[in-house]
Amino acid sequence: MSERKIKDFNKTRRKILKGMLGIAGVGALGSMIVPFGTIKSVSGKKVRQKITKGDKLVYAVGPNAGKEIKASNLSIGKGTLAFPKGKEEHNNLILLFRAKENEFGKPTKINFTNKGFCAYSAICTHMGCTVEWYPEKQFSFDFPHIFCPCHQSVFDVFHGAKVLAGPAPRPLPQLPLMISDGVIAAAGDFDGPIGPQPGGK
Amino acid sequence: MVYGWLNERLDLDRFKKKYLTKVFPVHSTYFFGEIALFSFVILALTGIYLLFSYTPSSRLIDVGGKKIPVAYHSILLINSQPLGVIIRYVHHWAAHIMIAALILHMMRVYFSGTFKKPREVNWLVGMVLFTLAILAGFTGYSLPFDVLSSVATGIGYQIANSIPYVGSAIAKFFFAGKFPAPGSIPRLYMYHVVLIPLLLIATIGLHMLIMVKQKHSQPYQNKDIAKSGKILGIPLYPQQISLMLFVFFFTLSVLFFLASFLPVHNVEYFGPPTLQTPMVKPDWYLLWIYGIIKLIPGNWVIPLGSSASISPEVIGGIILPGVIMTIIALVPFMYKEKEPLNYWEPASLRPVGTSAGVAFIVMFIALSITGYQAELDIPIAACRVYTIVLPIIAFFITYLIIRKKREV
Ligand code: HEM
Ligand code: FES
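Protein chains in written order, with this note's numbering: chain S, 1 to 201; chain X, 202 to 609.
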């Protein structure tokens with residue numbers, strides 16, 4: 001072989017070696033990354049248990065937690081966090097309150113309220129914090145309202161929990177109520193999706 | 202004797218001559234980077250102490266009739282150890298100080314123009330460091346799993362979850378399911394004590410290597426020396442080392458002082474997670490994002506078809522902060538330099554850049570104040586106005602001052 005040919009040969013050989021090195025490198029890296037794609041979440045896929053007609057409401061917090069809420073327990077202007085009995089999961093958290101019957105206006109579903117009792121989902125539609133019942137003046141709101149402590153969204157309790165202030169994108173879904181044997185119960189499920197929705201919907 | 206023995210084998214003399222005589226320019230603002238570095242060292246050391254007792258699990262256990270999460274319980278255990286609380290607080294304070302020092306360090310680099318050629322790469326590496334430091338803060342915040350942790354981390358989950366199409370998958374991967382899933386705390390723990398620290402160490406190493414390779418930039422009065430490629434300063438050993446040790450111990454003592462008198466994240470006060478949500482605020486360095494989230498009206502929804510949309514959470518929690526961070530990262534590429542700059546260029550030679558920098562700081566403060574809008578009872582409309590107007594005013598005032606100064 002001539003000098004020249006050897007040189008060319010060496011050049012090609014280097015190119016091939018470099019190419020092989022590249023492929024090996026990409027392969028090694030890829031094989032290290034791929035396993036990450038197979039990691040499973042630890043939590044099982046849990047679907048929310050739907051609230052059905054007749055589910056009695058129980059206190060969710062406080063000294064009476066777990067006890068049924070009687071209509072006589074809540075006077076006008078009072079509110080509490082509640083769960084449907086037997087379905088105590090976070091997404092079923094309810095904010096129950098009592099107002100004067102004639103205080104409600106649209107878009108509150110009046111037929112969902114019962115004797116001045118009204119219930120909304122307690123999960124903020126913004127980022128899922130638990131909203132609170134504020135019967136008195138707070139900041140510039142001097143009437144009863146539902147308030148989210150996370151980014152200070154304010155919901156209008158008398159008008160379908162529509163958003164009065166803050167970044168919440170949607171009103172809180174409402175829960176139909178009935179009263180059976182003096183105990184407050186649900187008359188069906190919430191009228192809309194609960195809490196923030198994935199993908200911004 | 203030992204030195205002689207080792208020297209014969211490792212040629213320590215050569216090392217001494219080559220590295221211990223490295224010249225460091227002197228200026229008090231060089232210490233911001235060092236304070237960040239030393240805070241990181243202190244974070245690692247105090248973190249190891251905490252690892253001895255901390256248990257990463259949100260499973261509930263019965264303690265004296267009350268059900269509390271295992272992680273929360275282990276923090277109570279740490280608090281009950283003689284030095285436990287103070288080391289926890291030093292760890293938390295060191296995180297604050299590191300991020301504060303990083304911000305000051307970035308400001309120093311920004312206003313002295315030393316992000317310019319040839320230091321663009323180290324500016325980008327610095328942005329990675331800054332992002333990692335914030336991620337370390339966020340994941341660390343979740344670990345005590347008291348009510349503040351669970352709410353704040355839950356909001357992080359929801360922000361990720363609200364990204365159209367891929368958000369739910371990303372959030373589920375990052376938090377190992379819908380937060381707080383059983384796997385969430387162990388995974389956040391892994392990020393906080395393994396992944397992020399390793400990445401930080403590697404990135405700090407790269408940052409330092411590049412800095413040594415490129416040599417320090419020097420204060421303006423050393424301009425001519427810098428132009429000749431030399432450095433005026435003190436040698437690493439013994440002068441610079443003494444200064445560094447001073448800064449280290451000073452940082453350490455300030456941290457212990459803060460930890461002794463100002464409790465941070467007092468878990469006993471806040472209590473374990475409950476159904477109710479307390480008034481949570483993020484740590485101060487995320488307050489500006491919190492402010493943006495509050496400013497975006499709930500009806501800013503950009504529909505993307507039937508199953509997805511860009512919601513205000515994404516705009517406020519991801520897009521706008523992302524745009525701001527990207528703009529900062531791209532700063533060096535807004536200048537075209539032929540010659541490498543090795544000294545601190547006076548800020549007045551970059552009137553637009555300097556004014557924009559001041560405007561940005563004003564905006565950062567304005568947004569952080571907006572974080573407390575409800576408590577301060579400022580109408581949100583007013584916040585929207587001042588968040589835009591104040592930075593603009595700041596820009597023009599700075600610009601005019603620079604112009605005036607140049608005329609004289
Ligand atoms: C853990 C994080 C960080 C540590 C420990 C650190 C540490 C340091 C130290 C000790 C120096 C040399 C002395 C000095 O100029 O202060 C330095 C230089 C530098 N840093 Fe950082 N830094 C960090 C993050 C950042 C960030 C967030 C940025 C910017 C976005 C940045 C950009 C730079 C640049 C461009 C230099 C070279 C500047 C010059 O030599 O004048 N660094 N860093
Ligand atoms: S989570 Fe309720 S306002 Fe943000």
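Please keep in mind that the hints were generated in silico from the structure rather than gathered at the bench. Among the hints, a few may not be true.
[Claimed, not checked] Keeping only pairs whose Cα atoms sit at most 27 angstroms apart, straight-line, the calculated BS3-like set for lysine-lysine is:
| # | chain 1 | residue 1 | chain 2 | residue 2 |
| --- | --- | --- | --- | --- |
| 1 | S | K100 | S | K115 |
| 2 | X | K537 | X | K482 |
| 3 | S | K56 | X | K267 |
| 4 | S | K56 | X | K268 |
[What the hints assert, rightly or not] Taking beta-carbon pairs under 7 angstroms as the criterion, some of the chain S residues facing chain X (in silico):
| # | residue |
| --- | --- |
| 5 | A28 |
| 6 | G30 |
| 7 | A60 |
| 8 | G62 |
| 9 | M127 |
| 10 | G128 |
| 11 | C129 |
| 12 | T130 |
| 13 | Q152 |
| 14 | V163 |
| 15 | A168 |
| 16 | P198 |
[Unchecked claim] Here are some of the chain S residues that sit facing chain X, going by a computed Cβ distance under 10 angstroms:
| # | residue |
| --- | --- |
| 17 | S31 |
| 18 | P35 |
| 19 | F36 |
| 20 | K40 |
| 21 | N102 |
| 22 | E103 |
| 23 | A122 |
| 24 | V131 |
| 25 | C148 |
| 26 | P149 |
| 27 | C150 |
| 28 | H151 |
| 29 | P167 |
| 30 | P169 |
| 31 | R170 |
| 32 | I194 |
For every residue, glycine included, the Cβ atom is placed at its ideal position computed from N, Cα and C.
task: Return the numbers of the hints above that this structure violates; sort them in rising order.
output: 2, 5, 6, 8, 17, 18, 21, 22 and 32
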